[in-house]
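Trainee: Just so you know, the sequences run in chain order A and H.
Our numbering puts the first sequence at residues 1 to 418.
Our numbering puts the second sequence at residues 419 to 836.
Keep in mind the hints are simulated off the structure, nothing from the lab.
It is possible that some hints are incorrect.
As a list, the in silico EDC-like pairs of lysine to aspartate or glutamate whose alpha-carbon atoms are at most 20 Å apart [as the list claims (entries may be wrong)]:
id: 1; chain 1: H; residue 1: Lys-446; chain 2: A; residue 2: Glu-359
id: 2; chain 1: H; residue 1: Lys-825; chain 2: A; residue 2: Asp-375
id: 3; chain 1: H; residue 1: Lys-645; chain 2: A; residue 2: Glu-197
id: 4; chain 1: A; residue 1: Lys-355; chain 2: H; residue 2: Asp-831
id: 5; chain 1: A; residue 1: Lys-99; chain 2: H; residue 2: Asp-753
id: 6; chain 1: H; residue 1: Lys-712; chain 2: H; residue 2: Glu-654
id: 7; chain 1: H; residue 1: Lys-527; chain 2: A; residue 2: Glu-197
id: 8; chain 1: H; residue 1: Lys-517; chain 2: A; residue 2: Asp-100
id: 9; chain 1: A; residue 1: Lys-12; chain 2: H; residue 2: Asp-753
id: 10; chain 1: A; residue 1: Lys-109; chain 2: H; residue 2: Asp-793
id: 11; chain 1: A; residue 1: Lys-407; chain 2: H; residue 2: Glu-654
id: 12; chain 1: H; residue 1: Lys-438; chain 2: A; residue 2: Glu-197
So the derived list for chain H, only partly shown, Cβ under 10 Å to chain A, looks like this [said to hold, decoys possible]:
id: 13; residue: Gln-466
id: 14; residue: Ala-467
id: 15; residue: Leu-508
id: 16; residue: Pro-510
id: 17; residue: Leu-526
id: 18; residue: Tyr-755
id: 19; residue: Ser-781
id: 20; residue: Arg-790
id: 21; residue: Asp-793
id: 22; residue: Pro-815
id: 23; residue: Arg-835
For each residue, glycine too, the CB sits at the ideal point set by N, CA and C.
2 protein chains.
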Amino acid sequence: MTLENSIIVLAKAARQSARKIAVCSTTKKNEVLEAIVEKLASQKTKIQAENQKDLDYGREKGLSNAMIDRLTLSDKVINSMIQGLKEVALLPDPVGSVKDSYVRPNGLKVSRVRIPLGVIGIIYESRPNVTIDAAALCLKAGNSIILRGGSEAYHSNMFLSSLIHEALEDCGLPGNAVQYVPTRDRAAINVMLAQEEYIDLIIPRGGEGLIRFVVQHSTIPVLKHYKGVCHVYVDEGADLSMSENICFNAKVQRPGVCNAMETMLVHKAIAPTFLPAMARHFLDSGVELRGCPKTCEIFPKAKPATDDDWGTEFLDMILAVKVVDTIDEAIAHIDQYSSNHTEAIVTNDYSRSMKFVHEVDSSVVLVNASTRFNDGGQLGLGAEIGISTSKLHAFGPMGAEELTGTKFIVLGDGQIRE
Amino acid sequence: MTLENSIIVLAKAARQSARKIAVCSTTKKNEVLEAIVEKLASQKTKIQAENQKDLDYGREKGLSNAMIDRLTLSDKVINSMIQGLKEVALLPDPVGSVKDSYVRPNGLKVSRVRIPLGVIGIIYESRPNVTIDAAALCLKAGNSIILRGGSEAYHSNMFLSSLIHEALEDCGLPGNAVQYVPTRDRAAINVMLAQEEYIDLIIPRGGEGLIRFVVQHSTIPVLKHYKGVCHVYVDEGADLSMSENICFNAKVQRPGVCNAMETMLVHKAIAPTFLPAMARHFLDSGVELRGCPKTCEIFPKAKPATDDDWGTEFLDMILAVKVVDTIDEAIAHIDQYSSNHTEAIVTNDYSRSMKFVHEVDSSVVLVNASTRFNDGGQLGLGAEIGISTSKLHAFGPMGAEELTGTKFIVLGDGQIRE
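Same shape as in the complex, but just chain A (with noise of 0.2 Å):
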């Protein structure tokens, strides 16, 4: 059987368990991810050796320190992956519940009722532990998943797709309803992104060349973002210490991850009282920044930022730092310069505050708060599958609901159209 081919087999077979997983109850959809809980914990061991043969080639090709702790399915990871499918099972099941529900004039009653989206394809980089957290969520909603991991965890990822097979038939429902993608060829990943007839949705995770290569060669849908390049406006007469809690949290907390603060923008009033002390209590943690000429005369420690700085997702103890005479150039700086992530104002002012949540056009807009409340279950989704940044569908972070759509159920007692 050629690639192609396989992939099509593939494909149909996930379309057809959709069927089944779809109409499940949350009983049963439950039991599922009891099941696989049972499995990680009794065949602990397996999954290590398959790991370690991961490791094995990770080492021989040269991976670096980062990316093979990345890779280790140490004990503190299975047990992290456990503990995040027994929250997935007490999640609301949001298949089923009505978003909407009327009588029409001439008597149908009219709801939108949730359900599942169907087969949804996730492609993922380095972390196996992927594979457990995206399939418990997809499942949770009542779809099919196909998993396509990178090649350097091939091993781990297959040998645990397995663990969520048996898992599904031992429960009575078809394997085939969690499948992965049984080859290192990268060439799988475009006969994948062509199924549009089996595939509904497709979530890539990782590095932004991935995400890019998936919206080129994808005719079906993709959810993704590609980076957070993510705003705090320190606003005229806002708090002198929540502004400094707050943008020191949004950088230093946690400075690798999307929803961490690349750039900080200071209205010029509060520029001389606020900017020295922020700036050395950054210098001391280590943070590097990068000023406009008015930063660099305010706190000449600052290296004077580049064109490029604006803009850009560091990912690290690095910041750009503008003074600006206004909310509005504030706000047409976030337009220019943001990836429509996550925006944060700090103020004390009701129609700034206003002004700023109405006419930023990001996912996630903050007031008085840290841009790493970005989150799933920091927001009160719990787990999550990624962050959209674009509109259609689900723009913000994407919990089960975001993985289900509605229909109409309309009923009648005989109703013609005149």
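With chain A fixed as given, assemble chain H onto it according to the hints.
Mentor: Just chain H now, with coordinates in the frame of chain A:
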């Protein structure tokens, strides 16, 4: 300027205007709709003169009478555009409405608020009234629009778009919020479909060929339906007169539209009593019947159906008829042949009605009502921009709300992440 550059300039202008339209009040947007109404009324003679150019060109090119009819902007069509605008002005504005709102344990006030999608591209055929109807609904939801109609309606579409442009500017808004692609060159569509950076959504309206072309070439998300192969299943024990009314209405009331019934499934227990009278009624009204062997046995005037008849969208006075042994056979037939558009059951059995709405995977599933109700107006959405048969973002008729997304607004008082 090359064709490609001119389309990019146009798409960039749409994106810039989008930020202005997105934050407009409902009053301002309705003012624009009223201004368009006035222009249509006052410029009727000029509209019809431009339309005449298209009609002359169309007759020269040998367009069919039906095509010429669809192309004609008669007084009646212009009045219905005016009526449509007034109805859209009366619709509730989805922008700003809150989908969900709650307080997190740390005191963060989280809400999900409806926002415009941004820039919507509409690619359509023949009817120039779509120019007004589609633009009105997109504007109401706060979006910018790029329109590209059929080349045979070029002069009509260009002139109608220029009226909208003027109306926007008269109201102090950027005229480029509604633009028409100013060329008949089909290559413009390919360029448009590659402007992922500036266009958020493409809605194609027209025949299956156009829609497949758009899906194949677009890197922008597309909402569409290819076709409507709608089924009615007449269950064992269904009320005979209700069944006959619903099936007749679903087939005959307007056979050329996507929500008309194309295949009728009949349970074997009711077939001997239901089918003969129903079939005679159809035949007397000019409907050609193509039946399975059992149907032809019960009603010998039916032609034998070929394999191709199942799953065909006739859009005509032709109906495929099949007798099934069980509701499971009916659902399996629908699963195999339907286009996920609209299916109905006629039944008086509670559990089978529930089974049907639960298991049938279509955008609108009805009990004891005609398939003809899959329509934005009929289901209470007001005007509709089209019907979607895929589940992402919208499934079924799409009204103003489906032209919006949501963003998270988070109000805090200094919260940081631990």
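Trainee: Run every hint past the structure and note whether it holds.
Mentor: Here's how the hints hold up against the structure:
{"no.": "1", "hint": "H:Lys-446 / A:Glu-359", "verdict": "holds (17 Å)"}
{"no.": "2", "hint": "H:Lys-825 / A:Asp-375", "verdict": "holds (13 Å)"}
{"no.": "3", "hint": "H:Lys-645 / A:Glu-197", "verdict": "holds (14 Å)"}
{"no.": "4", "hint": "A:Lys-355 / H:Asp-831", "verdict": "holds (17 Å)"}
{"no.": "5", "hint": "A:Lys-99 / H:Asp-753", "verdict": "violated (25 Å)"}
{"no.": "6", "hint": "H:Lys-712 / H:Glu-654", "verdict": "holds (16 Å)"}
{"no.": "7", "hint": "H:Lys-527 / A:Glu-197", "verdict": "violated (41 Å)"}
{"no.": "8", "hint": "H:Lys-517 / A:Asp-100", "verdict": "holds (11 Å)"}
{"no.": "9", "hint": "A:Lys-12 / H:Asp-753", "verdict": "holds (14 Å)"}
{"no.": "10", "hint": "A:Lys-109 / H:Asp-793", "verdict": "holds (15 Å)"}
{"no.": "11", "hint": "A:Lys-407 / H:Glu-654", "verdict": "violated (26 Å)"}
{"no.": "12", "hint": "H:Lys-438 / A:Glu-197", "verdict": "violated (38 Å)"}
{"no.": "13", "hint": "Gln-466", "verdict": "violated (31 Å)"}
{"no.": "14", "hint": "Ala-467", "verdict": "violated (37 Å)"}
{"no.": "15", "hint": "Leu-508", "verdict": "violated (16 Å)"}
{"no.": "16", "hint": "Pro-510", "verdict": "violated (13 Å)"}
{"no.": "17", "hint": "Leu-526", "verdict": "holds (6 Å)"}
{"no.": "18", "hint": "Tyr-755", "verdict": "violated (14 Å)"}
{"no.": "19", "hint": "Ser-781", "verdict": "holds (6 Å)"}
{"no.": "20", "hint": "Arg-790", "verdict": "holds (4 Å)"}
{"no.": "21", "hint": "Asp-793", "verdict": "holds (8 Å)"}
{"no.": "22", "hint": "Pro-815", "verdict": "holds (8 Å)"}
{"no.": "23", "hint": "Arg-835", "verdict": "holds (4 Å)"}
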